[in-house]
Amino acid sequence: FLVPYVVLNSLDYYKSQLKISEESQRFLQDNIFRKFSNYSERAHKSVNNAEMGLTMVADVPEIVESGYMKCLEIAKYLGKLAVTSYFVIGENPDAAGPLLVA
Numbered sequence: 001f002l003v004p005y006v007v008l009n010s011l012d013y014y015k016s017q018l019k020i021s022e023e024s025q026r027f028l029q030d031n032i033f034r035k036f037s038n039y040s041e042r043a044h045k046s047v048n049n050a051e052m053g054l055t056m057v058a059d060v061p062e063i064v065e066s067g068y069m070k071c072l073e074i075a076k077y078l079g080k081l082a083v084t085s086y087f088v089i090g091e092n093p094d095a096a097g098p099l100l101v102a
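Residues 1 to 102, numbered by the numbering used here, are exactly what the sequence shown covers, in order.
Wrong hints could be hidden among the right ones.
[Said to hold, decoys possible] Below are the DSSO-like pairs computed for lysine-lysine, each with C-alpha atoms no more than 30 Å apart in a straight line:
#, residue 1, residue 2
1, Lys35, Lys45
2, Lys45, Lys76
3, Lys80, Lys35
4, Lys80, Lys19
5, Lys19, Lys70
6, Lys80, Lys70
Derived by calculation from the structure, the hints in this document are not laboratory data.
Work the whole structure out from these sequences, hints included.
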């Protein structure tokens, strides 16, 4: 009875230590800056420095939180749906029809 809770809590703790959101933001910011650094001189002049700074500070966290992290959440729910569907079909093969319709 107690073992599943210990396992689930340790997995939640491990997941919180991964810092996926922070690492994704850092990765995206590093790559945007690297791409900007490799621009030609003419391209540098056409990009506003303030706009570049705003992108790094405001837009990157929004993209990660509203885009990438939501995709991971959707993948988590699709995984749960697949496991649940597998269990239901394993217990009652006649339930495959209503599962596919829903």
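Going back to the hint list, which numbers does this structure go against? Those not satisfied are hints 2, 3.
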